[in-house]
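K.L.:
One letter stands for each residue in the lines below.
Protein chains: 2
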Amino acid sequence: MDKKIILREEDMPRFWYNILPDLPTPIKPPLNPETKKPLTAEDLKIFPKAIIEQEMSNQREIPIPEKVREIYSLWRPTPLIRALNLERALNTPAKIYFKNESVSPAGSHKPNTAVAQAYYNKMEGVKTLTTETGAGQWGSALALAGSLLGINVRVYMVKVSYEQKPFRKSMIHLWGAEIYPSPSDKTEIGRKILKENPNNPGSLGLAISEAIEDAVTHENTKYALGSVLNHVLLHQTVIGLEAKKQFELIGDYPDVIFAPCGGGSNLGGIALPFMRDKINGKDVRIVAVEPASCPTLTKGIFTYDYADVAKMTPLLYMYTLGHNFMPPSIHAGGLRYHGDSPILSQLRKDGLLDAVAYNQTEVFEAGMLFAKTEGIIPAPETCHAIKAVIDEALRAKEEGKEKTILFCFSGHGHFDMASYDLYLSGKMKDYEYPEEKVKEALEYLPKI
Amino acid sequence: MDKKIILREEDMPRFWYNILPDLPTPIKPPLNPETKKPLTAEDLKIFPKAIIEQEMSNQREIPIPEKVREIYSLWRPTPLIRALNLERALNTPAKIYFKNESVSPAGSHKPNTAVAQAYYNKMEGVKTLTTETGAGQWGSALALAGSLLGINVRVYMVKVSYEQKPFRKSMIHLWGAEIYPSPSDKTEIGRKILKENPNNPGSLGLAISEAIEDAVTHENTKYALGSVLNHVLLHQTVIGLEAKKQFELIGDYPDVIFAPCGGGSNLGGIALPFMRDKINGKDVRIVAVEPASCPTLTKGIFTYDYADVAKMTPLLYMYTLGHNFMPPSIHAGGLRYHGDSPILSQLRKDGLLDAVAYNQTEVFEAGMLFAKTEGIIPAPETCHAIKAVIDEALRAKEEGKEKTILFCFSGHGHFDMASYDLYLSGKMKDYEYPEEKVKEALEYLPKI
Chain A
0 MDKKIILREE DMPRFWYNIL PDLPTPIKPP LNPETKKPLT AEDLKIFPKA IIEQEMSNQR
60 EIPIPEKVRE IYSLWRPTPL IRALNLERAL NTPAKIYFKN ESVSPAGSHK PNTAVAQAYY
120 NKMEGVKTLT TETGAGQWGS ALALAGSLLG INVRVYMVKV SYEQKPFRKS MIHLWGAEIY
180 PSPSDKTEIG RKILKENPNN PGSLGLAISE AIEDAVTHEN TKYALGSVLN HVLLHQTVIG
240 LEAKKQFELI GDYPDVIFAP CGGGSNLGGI ALPFMRDKIN GKDVRIVAVE PASCPTLTKG
300 IFTYDYADVA KMTPLLYMYT LGHNFMPPSI HAGGLRYHGD SPILSQLRKD GLLDAVAYNQ
360 TEVFEAGMLF AKTEGIIPAP ETCHAIKAVI DEALRAKEEG KEKTILFCFS GHGHFDMASY
420 DLYLSGKMKD YEYPEEKVKE ALEYLPKI
Chain B
0 MDKKIILREE DMPRFWYNIL PDLPTPIKPP LNPETKKPLT AEDLKIFPKA IIEQEMSNQR
60 EIPIPEKVRE IYSLWRPTPL IRALNLERAL NTPAKIYFKN ESVSPAGSHK PNTAVAQAYY
120 NKMEGVKTLT TETGAGQWGS ALALAGSLLG INVRVYMVKV SYEQKPFRKS MIHLWGAEIY
180 PSPSDKTEIG RKILKENPNN PGSLGLAISE AIEDAVTHEN TKYALGSVLN HVLLHQTVIG
240 LEAKKQFELI GDYPDVIFAP CGGGSNLGGI ALPFMRDKIN GKDVRIVAVE PASCPTLTKG
300 IFTYDYADVA KMTPLLYMYT LGHNFMPPSI HAGGLRYHGD SPILSQLRKD GLLDAVAYNQ
360 TEVFEAGMLF AKTEGIIPAP ETCHAIKAVI DEALRAKEEG KEKTILFCFS GHGHFDMASY
420 DLYLSGKMKD YEYPEEKVKE ALEYLPKI
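As given, the protein sequences belong to chains A and B, one line each in that order.
Under numbering that gives the first Met the number 0, the first sequence has 348 at position 349, and the numbering climbs by one with no breaks.
Under numbering that gives the first Met the number 0, the second sequence has 229 at position 230, and the numbering climbs by one with no breaks.
Derived by calculation from the structure, the hints in this document are not laboratory data.
Some hints could be false.
With the Cβ distance kept under 10 Å, some of the chain A side facing chain B (calculated, not the full set) [what the hints assert, rightly or not]:
#1 S72
#2 H172
#3 L173
#4 E177
#5 F414
#6 L423
#7 K426
#8 V437
Think of the CB as a built atom: it goes at the ideal place given N, C-alpha and C, for glycine as much as any other residue.
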């Protein structure tokens with residue numbers, strides 16, 4: 000039996016899948032943060048026109064431009080791999096497959112949308128893209144895309160990550176992009192926050208504010224977001240569309256799909272093409288895996304909230320822990336965003352998407368078992384999915400069921416070794432986000 | 000046109016290619032370091048029997064054990080990729096292909112032999128393998144193999160690298176292996192060197208001495224070497240055998256092949272199957288690319304020398320800069336070994352193998368261009384081949400020739416970002432190894 004299911008380049012999808020027209024409950028429209036009225040295209044001018052159209056499109060299939068497919072072919076189609084060694088180690092009757100998105104040059108699924116976004120901006124004459132990054136996967140993906148498409152990139156990286164992961168910075172420099180720790184002195188909001196507390200460790204919500212301010216205050220400069228929004232999930236569906244073809248090749252179909260979930264881009268990417276089948280009656284379970292320290296889908300509130308700290312972004316109707324959420328600094332495992340994709344949030348609300356949360360030590364333990372059996376070192380984010388997969392495979396063993404499990408191997412951990420060191424030293428601590436804090440966050444939520 | 004030429008798993012080679020019976024001039028036998036007589040099997044008892052047989056075999060095709068093929072399938076067959084973006088950037092009529100060995104979990108070609116060696120040791124009941132590592136690629140590959148095959152691994156890492164590359168250490172720990180900076184206090188030779196100079200930065204030759212001493216002084220413990228020896232090149236031929244099949248698929252054949260060369264394992268791996276054709280009259284140029292600061296094949300002497308500092312190893316007939324060679328500490332580009340594979344040395348002597356040397360700044364400049372056009376960040380070692388490829392492609396442009404160029408993309412640079420930082424900071428310096436030093440080294444050479 001082949002360990003890897005490989006597609007030919009010509010089998011790479013020619014369309015992305017847009018789930019908006021298929022959603023059982025339509026998502027609520029984003030609101031202008033001042034007027035609290037549904038957004039106009041004018042409100043979205045930090046994005047190029049093509050992206051704004053995609054964000055609101057009701058077209059089910061959206062063509063992938065030839066240039067984007069050409070760049071995808073640097074690493075796509077990605078392999079679907081059977082984790083036979085992990086199955087043996089667990090002595091499970093379950094079949095475990097993973098879609099390996101770590102093979103991209105930036106080491107994660109993020110370039111799938113970075114390349115598309117850089118392409119549309121380039122087509123509309125944009126010279127510079129600004130963005131934020133947390134752990135660094137998104138920032139490096141956009142830097143890569145900028146390098147391949149000839150567009151400048153300016154990255155605001157959450158300060159605590161910037162300091163913990165110096166080599167993400169090097170990678171971004173190597174691809175010719177600029178990078179600044181956030182809060183920075185490059186923006187009004189950054190300077191304000193620094194004045195209040197020069198040691199502010201930063202957050203994703205704050206870095207978003209800085210990147211947006213940079214975009215709106217500079218000529219020919221637009222902003223790019225790496226998760227949460229509809230067009231981002233749209234571009235990522237290339238993952239799930241390929242995976243479906245790969246399962247067709249082997250005559251199988253997943254019973255359950257897991258993916259790590261922060262803002263929702265890799266989960267949406269792998270799951271939405273299968274979600275289409277589920278909406279049409281197919282029996283497949285789809286599960287978001289998140290950290291217990293940032294449990295947006297498992298403990299958050301489904302409501303309108305800002306996507307950033309400075310309240311510059313539109314209000315999104317989503318699960319949220321409150322836009323003031325600051326992840327605990329002991330958390331090394333990524334996925335620290337306070338909100339979640341409106342599409343995934345609605346699917347969660349409608350009972351089509353399950354969610355589980357895990358503590359980081361058990362998550363790293365799972366990642367270690369994967370690395371020791373399958374070889375590849377997973378990113379901390381990816382370890383979350385692996386933990387859930389292992390639990391599912393052990394349940395299948397107890398129940399004596401031959402389940403087919405699929406998960407998104409969203410990225411490798413080559414730039415996260417300091418987190419593994421922390422785990423290996425035995426000094427990693429868990430932190431479970433308390434229910435009370437969620438209630439506190441309610442006070443800060445916008446009143447609609 | 001497809002960018003990637005992909006083989007199916009069933010097309011992965013079932014045999015390694017052993018060039019020994021095809022060499023126009025046989026290599027001179029290794030000698031016992033004390034008696035100066037050709038080695039007996041007894042002298043090689045730091046290796047398992049199967050490896051000793053392979054080291055001296057005259058069988059042209061040696062079967063790859065099923066278990067080894069199964070582990071290879073975690074990442075093999077590796078893709079052959081057309082570097083179209085690099086071609087465009089150079090505006091060259093040359094076609095540039097690279098065999099991407101960076102896709103292994105350890106990030107380089109090294110696991111091809113690490114897995115085979117761990118397998119044969121395991122089969123003979125060995126519990127622990129010791130080894131040395133310079134930049135860390137070999138040590139992490141053996142740690143990976145040990146983890147996948149259930150065998151302990153103890154790594155001695157050249158101290159200067161150990162300190163410069165902390166995350167290689169983490170990677171080795173993650174796969175469950177032990178690692179010590181060399182010189183260490185774990186061995187006689189290590190303690191002796193530390194006593195003379197506690198700040199000794201270490202060298203590959205010294206780390207080899209420590210690993211061998213560890214193996215001979217412990218029960219059930221053998222030694223594994225990651226380059227230079229015949230069996231290592233043998234296992235690596237899986238690279239070139241796959242590449243030949245891939246060129247058959249597209250109806251092409253390389254005019255010239257480049258690979259970085261330290262001890263010779265990736266060069267031997269990609270080139271020997273093509274060298275077989277060359278020996279039989281095929282017109283193909285094969286070129287070793289080495290650093291100007293460690294120019295073994297371009298400036299070294301072809302003679303008997305030790306493979307290590309402590310003179311514990313057999314004498315090998317090879318190109319050498321002298322076993323006392325210490326690479327300058329300003330050298331960040333890998334490939335720091337004083338000697339070279341006896342097989343490749345003999346082919347070089349016979350005029351079948353060309354060699355060029357480059358300075359490290361031009362090598363990193365080439366690697367940057369590759370990363371910016373093709374996306375993937377090359378290891379410093381790999382950058383050497385890329386520099387030579389770029390020069391060849393530019394010559395092809397001047398001459399208006401449509402050459403087919405192949406090179407071995409031996410590894411990625413995810414654990415070498417500090418070296419890129421040094422280059423990007425403008426502080427990287429070149430150092431050309433002076434002819435006089437080669438003459439000095441003659442004094443230390445063993446008299447046969």
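K.L.:
Run every hint past the structure and note whether it holds.
P.N.:
Okay, the hints, checked on the actual structure:
At a threshold of 10 Å, the smallest CB-CB gap from S72/A to chain B is about 5 Å, leaving the interface hint in force. Interface restraint check for H172/A: the shortest CB-CB distance to chain B comes to about 6 Å, inside 10 Å, so the restraint holds. With a least beta-carbon distance of about 5 Å to chain B, the hint placing L173/A at the interface is held under the 10 Å criterion. Interface hint status for E177/A: violated, as the beta-carbon distance to the closest one in chain B is roughly 13 Å, over 10 Å.
Hint on F414/A holds. Least Cβ distance to chain B is approximately 7 Å, under the 10 Å limit. Of the supplied interface hints, the one on L423/A holds, with its beta-carbon coming within about 6 Å of a beta-carbon of chain B, less than 10 Å. At about 14 Å, the closest approach between the beta carbon of K426/A and any beta carbon in chain B exceeds 10 Å, and the interface hint on this residue is violated. Interface hint at V437/A: violated, since its Cβ lies 35 Å from the closest Cβ of chain B, which is beyond the 10 Å cut-off.
Checked against the numbered hints given earlier, the structure breaks hints 4, 7 and 8 and satisfies all the rest.
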